[in-house]
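Novice: Fit chain to chain and form the complex, with the hints in mind.
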Amino acid sequence: MDSVQIQSERRVTAPPPNRRVVKRSGEQIRLAAAPVTGLARLRQGCYRLLSQAVLWPKEERLRGFALATIEMGKMGQRGHLADYLPEWDQLLGALGSFAARQPAALEKEYTRIVAGNAGPSLLYESSHLSGGPAAQGWLLAQLLKEYAEAGVISSPHGGETEDHAAVELEFMAYLCNGEAEAWEREDVAQALRSSARQGEFLSRHLAKFLPTLAQGVEVQARGGSYLPVLRAAANFVLSDADLVSALRERFRDWSDAYESATWGQART
Amino acid sequence: MTLHSGSVAIPSRQPSGVKPATATAVLICGRLATGNAGLDISRLRDFLTSLDPHIQVSIVEDLCRTPKAIPPAVRGVRRAVFAVCSSDFAEAEARHELQRAGVEPLTAVFLNLGGLASHVPDCDAALRKAKVLLAGAVARARSAPEVGPEHRRPVLPPLGQNVSRRALFTMPPIRYQAVAACLPGECIAEQGCDLCTLACPRGALAIDGGTLRVDKDRCDGCGACASACPTGALDVAGGGPLELDAQVEALLEQASSELPNPKILFLCPEAARAAEAAGSAGLGASPDILPVEVPGAAAVPTRLLLWIVARGAEARIASCPTACRHSQTEAVQQRVDFCRKLLASIGHAPEAVGILNPGTAALDADQTGSRITPREHAKPLGSAADLRNPGIGMEGLAGAILALATGTESNPHATLEHPASPFGLVSLDRSVCTGCGSCAEACPTGAMARDAGDRVTSLSFDARSCTACGQCVAACPEAARGALRTIRATDVGRLAEGRKRVFEDSTIPCRRCGQPVMPAALLGRLNELLGGQGAELAPRIGQYCASCKALV
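Protein chains in written order, with the working numbering: chain A, 1 to 268; chain B, 1 to 552.
Honestly, the hints are just simulated from the structure, not real lab data. Fair warning: there could be bad hints in the mix.
Unchecked claim - Chain B is faced by these chain A residues, among others (derived, beta-carbon under 10 Å):
#1 THR37
#2 GLY79
#3 HIS80
#4 LEU81
#5 ASP83
#6 TYR84
#7 SER245
#8 ARG252
Claimed, not checked - Label pairs and their calculated CB-CB ranges:
#9 GLU497(B) with ALA134(A): 23 to 33 Å
#10 LYS145(A) with ARG512(B): 54 to 64 Å
#11 PRO184(B) with GLY73(A): 28 to 38 Å
#12 VAL155(B) with GLN102(A): 41 to 51 Å
#13 ALA134(A) with SER506(B): 41 to 51 Å
#14 ALA134(A) with SER164(B): 51 to 61 Å
#15 ARG248(A) with ARG213(B): 38 to 48 Å
#16 ASP253(A) with ARG481(B): 54 to 64 Å
#17 ARG501(B) with SER130(A): 18 to 28 Å
#18 ARG248(A) with ASP88(B): 25 to 35 Å
#19 ALA206(B) with ARG248(A): 50 to 60 Å
#20 SER58(B) with GLY73(A): 20 to 30 Å
In this text the structure is predicted, and so the values were computed from the model without any measurement. Note that the Cβ used here is the ideal one computed from N, Cα and C, for glycine as well.
Just chain B, same shape as in the assembly (with noise of 0.2 Å):
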């Protein structure tokens, strides 16, 4: 069966964050352009005012050490993009002077041109792929959404045991870390959801009273609960799902028209600093290694990995040069193991998602002791289609799979069993069901969905919602008798199908008004477990609804 794209139809969250047309500032250190290769800084201004006229392109000498610059440079916008020449440039000062100017400093984006582009041997190669990285950083910023208290904590610096006099009477400067944060509106913990506190390495987030809270002490701005949130209600200044995803469409956007095979990589600020350190052996000699800077690998999330493939280029995910300081590794290799099992299995080349050396640019082997059989005639990597974003949340993890699987050869009924797998699949024995909904009363996504007609009572599920939660389960009666089983499994034919039907019941109507009151399997159920004690009761159990019953 070939899966055809108009069989789909996703409607999800789509990236919207700030409008285009909001003024952005990009500044750019004047050293990019005498140090390694040289960048022709003055054609990447050309680029990026005829990118965009509403960006102010400022040319800045040694910018890196001299903050005080920023102010003038910035007057007039609310967001800002750095492009310095090393990761050895005073952060802290120029959030500092963001922070007094009135731009936002945690949506500022600092990309280091000096040690991710200007390694590029070929001078035209370093341009085009400085240009393309300041394409994607530019998008970043801009889709940043507005920042308040709850996305950030201030830290100052504690005060240790010897300290002068005058120290303890003055305040420190102040940072600010960003936090999760969650959009109310969109959160589904009051319905019994909670992967992002399953997700999180720190315990910081719990569920008080269907409300999630966090615990800003104990977040450091991770986002692995921002990449396992099914509905995208989590939120990380900086480096959150919207910004990822619009830096990511600009890349290969701009990429399509300048660079032939790109690798879009995703590194966090450890992996970002030993790719500089490894200097012209790293990936920063790469001319088509496009760094994307995530808080922790864990915040990239299963579905932007497959829509990067989907789009006609490669995923890569940096390894941590040491010990994940999120406790992130064992997660991140089980997500792109589960990454290419789910391309072998729809034909695409399971190699398009790795994870990378940054210090070598070189792929890591395979640590995670899984076989991959490529199947026969895998199609290789499309060419960039004419594919619109699917938006984040499950939705649009369902529109990327789908939008890999179009036009392939894929066995309808393949199902990918496996651990990271972000969606489940339900099966019920209609001959165990009694079509009371208990199921789809727990299900906090909706995958569930119960339809109690007047004649006819349905279930219907939805594979595209699933995300193996497991409460369906523990909701049903029957459960024991095996009426009900969840598996952690992707199944790209059941993802097409879209809600479907699984059990279906004649309703019993009331006696008395015609309102429905439960499903024929239901009351036989009740008269098998009443059995002979309730010979008297069973009939009428069935014949009247709940306001009637107290009428007669």
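The following block holds chain A by itself, in its conformation from the complex (with noise of 0.2 Å):
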């Protein structure tokens, strides 16, 4: 196993997986058996799924999607990672139908209700503002100065604008990702700047656009294959939301100790 050097001079090793209950000094502390690297990465996965669903449904980009969802759902069960999300069953149930869909049925449906053939196209941020082409203006650049602030750019061959919902989505993945590796190398400040970014996009975009979008598109579609899915990515986003602040709200007290101490320091 891994093992890091602190400052108090004590080896410690990583958490071993599916631990339970770990007696250290005299004190009992109950573990549930969920490290917090497996729950970040657990979100990204179920973040990047989403992303690729409101994509348009190429028959490759079908096939790995179905395969993504069996993984996910055997990652879920995993170290109970899954209790953490209270729309699990829903999202995973959602998702592994969407996966058995014909390419063409979904294709038409993309195009006929999704995609806006009979209006705006209700996957965009923007075009669920009100306030006109400023309004609009000002969330793509709102929406870019945050993915720079991250280090991302949005790609110059890439096919769609920054406030689709699929660029959102992944970008959450991004964000995901970036925690989990924080919580690999131990770097609770970073994964926990991470968490604040993830929180704060959550709050101003996702938690009301997804919503939002799902309404929109059971009003038009009433029905269909798209509905189901997007109602559990707008009820996982509002979890998810809760969630991070929940766990930020749990490192309260720790998160200026570690602006720029090791752990080490920070206990003495």
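Specialist: What follows is the structure, encoded as structure tokens:
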């Protein structure tokens, strides 16, 4: 197992997975089986899958999607990670059903309803804003700024604008990846910064946008293959925003200590 | 005047929730058969299956300590009821197992039959009480609405200062706290209602641009907002108005055949623990006290207290053994005092509603300082008549009061002015009112309404919808002259009357198109205000409508 040298001269190994109770210095600490890294990775996978679901339903994309959904299901069961995502069953069920659809039928539906043959495309956050072009421009500028602050720029060869649902969901997957990597190298400060950025992005954008998108598709589609996925996505995002907030609250007393110190220094 | 139920027409939101055919699992702890009086759990099982064949009953030995036994017992169901032998059971683990099994944990009902039923000395009486309580718990679980992210908030324990490195990098067990959630279609915040924000003891609710926002970090799900909402737009998963209604209805229905003198007791978790600690000296030993657990005492709406009395039972709220953590003690006392005074004014025994000490099962001494003089010839508690639940919200409350007053020799003009009155009364001075309609525009519930016809402009008032918010008075341009006043009072006669016209005046028509321009009284007032300076202008104001003015 990996070991980490810390300030107090005590060699501590990385936590073993699936360990229930650890007795330490007479103190009984009850642990859940889920490492924080695993949870961040699971959330990353969910966001990535959802991002793929709202892109054009190419056949090869759907094939990969089906396999990825199965793997995600297994990942959620490991260490009871799904306990932390109350919308897990709904999400997995919706993604699984979606993956089983025929591409031709999905293409029709995507074109007719979701991509906006009947009106402005619902998949762009800007199309749900009131305030006209000025508000839309402001939104795009804000998104560009937020992406740049996280170290991301739009690809010049990419097909979608910054406010497309797929791009925003992929950005969340990117942030979750950053958080997971920070936990893996035990950089608590960076993990908390990433978590803060996720919370802000969710509250400013996805937590408002996705429920509106799902409602819009419900009105236009009155059913269809995309509605369950979008509903599940909206509920997942709302729950995830609460989870991120709860995680940050848990580390509230530690966040200042970790701004510039190692774990060992913070303990003394 | 005798009020007849035929004069009442109260359409309102009925408890619907999950349809009765929804599969429900009831898990009974096997230790209930051995503790205290010892309940015959096989007869409980038979009772439940005869109540509804869709109920899946499982008797689990030592259920309280073996949460792992839960998933197989709840396979294929959507709701779950746990009949446990004490409050010392692994509730958090049980909720985890429910979530893993796909059953919404916030809607699960945990019924402490060990503490609340098995202390009854007589075995048959204990069994009867247990049956009634189980029927109520099943109804409550089934009526729970679908739970979404807006209904819950995740809670993780804080890290603290002394924590191991391993604990730092692993997730602790998560639990979910029910919080208030708003049904957008029912909420009238956009019309100016803010009763929920005033009722919330934690400042967790705010109106933002006509939309109600719930601060989940502050909300602790006490339910005070849900009981204050005039339209039933607010819900708390596991303890909302629909669930409480369904449970009470089922308790009363079952008790009518099992118990002679039922008392419905609402108790918060702290009071429930005090009741259990009192053991055979507390309410657990009483055969006819039927506990209903609520998130906080203020979650019990006035409507439900009165409806219980209308159905022939008594209603109690348990006093908190410690200082109420929701700061609701005074609000609850006021609510009970209002109910008692109202009952007295309409000829019922006021002691049908009271506050009860959970440790001793005795009525607390009247802490409100009020004097209640029962009316002469006060009618005793009525039998449980064939009354339809009038539903939640203001109309449901009016229905409950009118059901109580039905058939009694009530004074139709009695007005009970009380700070806890959920209704208000508006009085309008016709000699001052101009019929402008500002009050109707400002009224969030539609209690004040304006009808601008071709010939007649009228204002009407419906006492069943008035919440005494005072927005009509604030909007009235003639309020300083006493055109409109409002008091927080309940008038049974006005409730029975329904909507009543309170102002009427002829409408001045447009000289060009004939459309209504304004009431004559309003034009007269404008003339007064303009006086000599507007002598030329005044006649023209009343001659043309807004569209024709531009053309003339």
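Novice: Return the numbers of the hints above that this structure violates; sort them in rising order.
Specialist: 9, 15, 17 and 19
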